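Start from the sequences and build out the full structure, keeping to the hints where you can.
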Amino acid sequence: MNPILILFAHPLFEKSRVNRALLSGVDQLPGVTLHDLYEHYPDFNVDIGKEQTLIAAHQIIIWHHPLYMYGAPALLKQWIDLVLEFGWAHGRGGDSLKGKIAFNTLTAGGSREVYATPGHNRFTLREFLAPFEQTAALCRMMYLPPFAVHGTHLLTEAQLKHHAALYRALLERLSEGSFGPETMRRFPLLNDWLEHAPGEP
Amino acid sequence: MNGTFLQNALIYLGAAILFVPIAKRLGMGSVLGYLLAGIAIGPFFLGLVGGKGEDILHFAEFGVVMMLFLIGLELEPSHFWRMRHLILGAGMVQTGITTLCFFALFTAVGFSWQAALAVGLALSMSSTAIVLQTLREKGLGRTEAGKTSFAVLLFQDISVIPILAALPLLALASPRAAADSQTTLLGGLPGWAQTIALLGAVGLVILSGRFVIVPFLRFIARMHLRELFTASALFIVMATAYLMELVGLSPALGSFLAGVVLANSEYRHELESDIEPFKGILLGLFFITVGASINFSLILNRPLAIIALVFGIIAVKSLVLLLTGKMTRLTFDQNLLFALGLAQVGEFAFVLLSFMNQLHLLSNDWTDTLMGATAISMTATPLLLLLNERLLLPRFGTPERVKKEADAIDLHHPVILAGFGPFGSTVGRFLRANGVEATILDNDSDRVDLLRKMGFKVFYGDATRIDILKAAGAEQAKILIAAIGSPEINRELVDKARQLFPHLEIMIRAENRFDAYEYMDSGTMDIYRETLDTSIRMGVDVLVKLGYRRYSASRAGQKYLKYDEAAMQKLAAHRHDQNAYIFNAREQIQIQEQLLTNDREANPSLNDHAWDGDPFAKPSEDRSS
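As they're listed, the protein sequences go chains A and B. Going by numbering that gives the first Met the number 0, the first residue of the first sequence is number 0, and it counts up by one from there. Going by numbering that gives the first Met the number 0, the first residue of the second sequence is number 0, and it counts up by one from there.
No wet-lab data here; the hints were simulated from the structure. As the structure is a computational prediction, the values presented were derived from the model and not from experiment. A portion of the hints provided could be inaccurate.
Stated by the list, open to error - Computed cross-link-like contacts, BS3-like style, restricted to lysine-lysine with a CA-CA straight-line distance of at most 30 Å:
1) B/558 x A/76
2) B/456 x B/477
3) A/76 x B/561
4) A/49 x B/569
5) A/49 x B/558
6) B/146 x B/325
7) B/146 x B/456
8) A/99 x A/49
9) B/23 x B/495
10) B/477 x A/14
11) B/544 x B/23
12) B/325 x B/452
13) B/561 x A/49
14) B/456 x B/23
15) B/137 x B/477
16) B/452 x B/137
17) B/558 x B/569
18) A/49 x A/97
19) B/544 x A/76
20) B/469 x B/452
21) B/495 x B/469
Written as structure tokens, this is what we have:
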């Protein structure tokens, strides 16, 4: 079983309909730890030691956040800057994260279509996540495509339920180990992998 | 040390230990407990202490002596100056009119004008000991009534000096006075010489305070022997008292003067903390002896006369006090508290009456009667205040709660906020600004009126009373914020609430670290030291002013806060190893020292390498990070 750590960063969680749906009941799944960063560090004073211990106990790290101005909310950046220390996560003697898996789960207001070269936002979602991808590479982690919920303002209840179920399924499969990173990497989003290759590892 | 001494000590202490907790439990306050203890062991009931009561009274007066020394110590001239209008205005009106009233009454009963004037002056005194102790216990010292009481008491206490000085002159003019043998040094002198001698002694105390005592204390302090300093403090108080006794002046007044003189010295706080425990126990003893000295056979012989006398005195005094309160613009509740609080005849009346008796201004019979009335009126005070609190105020004053129209559903707020002083009000305002209404408990009627006007739901009264807590919805509420200014009352509230409403989450304001330890011992963790966050914020700003980057400084502040809370938990666990259940000044210093040592060993900011690209790099290396 792969223990999963969801590093959740949302400054206004109580008003996020989509994230509440995605995360409801998730922390009851076996092997899943939901770590609400804004709840723990309202003063941005991230406890480095405690966070490192937490990471060490998990195999899969999920940076779960809304996409604000094409990036993560400030506290998640603060977390990355503080916790992934030189000499611990990377650099000389820094191999604590080696071989772990990392990816982003994100919610975005824009539809999937606008995140494209010809689209309104001019870059793909994956391109916006380049800093995360390279951070993972620096720490010798395996980086997977993101799980994304697009067009959050327009989602119907049914669509929302569908996304939530999909996310739950993703966590379950990751936890059980029924997945192949190589296959996953062929898809632009983990959503696509779940939809198109339901049974396939 | 002989057997009777030990036996007496056992009786007095035992009575106090037995009665005071019972009185406290019944909500009557410790003063009444002491008085009842005295009555019980007195000659009339158990007779455990008999004719020697007067010796003990003499000894116990030392409690009053020490209390006045402490009051004097707290009276910095600047503080005194700020209150001067209140002290002079209210004090003069009260003392003057009360004296006149009694003067008229006693002249009517056939006293000579000199005797009537002297008795009037004596009866105008109120009991500083009882009033201040009671107000402090009820946490009402800071209210308008508390301040006015203090001012009037101060005026009375100071005016005892000229009164004592003037009494021999009255005696001189009195037909009954005769130059008789007296116990004091000055006994044989004519009246005018006595007056001059008294004023000379007062001058001596003031001068020696300035030029002898402070250098002497400086010398002692350099020895670094704590107990020597305590001994010196006691020596100063006793020496002043003795000197005053020699010249026939009240020892209490002498030490009051000495206190005032020392109020501005650098040793003020040390003197205070050294004398405080002695004062507490001796004052208790004083109350007991007052209780024991009540002559019940006198009452039984002439019950109606004595009762009429006591009622008359209390009635006259409280009416004049009400007038005084009206003049200083006290609101109704505050005025009632003020008037009934000071309606008794005080301990200085004992001194004045016995002096009058010595001067033959007053017959033995009348001296006994008036002294008895004084003691009874003192005993009646806590009862009167209880009556006021439970019956008078709820009915005629600011109501304990505001009745809503019958159809309005009385919703209980989830949060109860006890104490709306400077601390509680900030919490309350913050909550309200965020849409959370709290039910407020407060015992300052002026504040309660204001808050009600502003639309707060306020319960008026002693927050430690169970019925008030229940009425405020303690059974339905989720959170109780204990933010009462007096640590003792706050602790009592926390204890009671935890016992009776175990479902309540109690969040506690602690005065400081030592106060917080007490709460931690009882297992609560939601403790907020009022001195912690603000101090750190100030420290952060100091760093900023010294050129630190604001973010690094506030980060250091955050870390320090965490570190300090953790250190607190650690020390709290350690505390009992040292058998230190009660913190005195010395232990506080020890803890402070321990903290400072630990700080040096574990600088919470030292290992902060955040954003430091390569912690192994030497500082001189040029880095872009």
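Structure-based check of each hint:
1. B/558 x A/76: 20 Å, holds
2. B/456 x B/477: Between residue 456 of chain B and residue 477 of chain B the Cα gap is close to 16 Å, so the pair holds against 30 Å.
3. A/76 x B/561: 22 Å, holds
4. A/49 x B/569: 19 Å, holds
5. A/49 x B/558: 14 Å, holds
6. B/146 x B/325: This hinted pair holds, its Cα atoms lying about 14 Å apart.
7. B/146 x B/456: 26 Å, holds
8. A/99 x A/49: Satisfied, since the Cα-Cα distance of roughly 18 Å is no more than 30 Å.
9. B/23 x B/495: 13 Å, holds
10. B/477 x A/14: 24 Å, holds
11. B/544 x B/23: 51 Å, violated
12. B/325 x B/452: 22 Å, holds
13. B/561 x A/49: Status holds; Cα separation ~14 Å.
14. B/456 x B/23: 29 Å, holds
15. B/137 x B/477: 26 Å, holds
16. B/452 x B/137: 25 Å, holds
17. B/558 x B/569: 17 Å, holds
18. A/49 x A/97: 19 Å, holds
19. B/544 x A/76: Holds - the C-alpha atoms of residue 76 of chain A and residue 544 of chain B are around 29 Å apart, at most 30 Å.
20. B/469 x B/452: Roughly 23 Å between the alpha carbons, so the hint for residue 469 of chain B and residue 452 of chain B holds.
21. B/495 x B/469: 12 Å, holds
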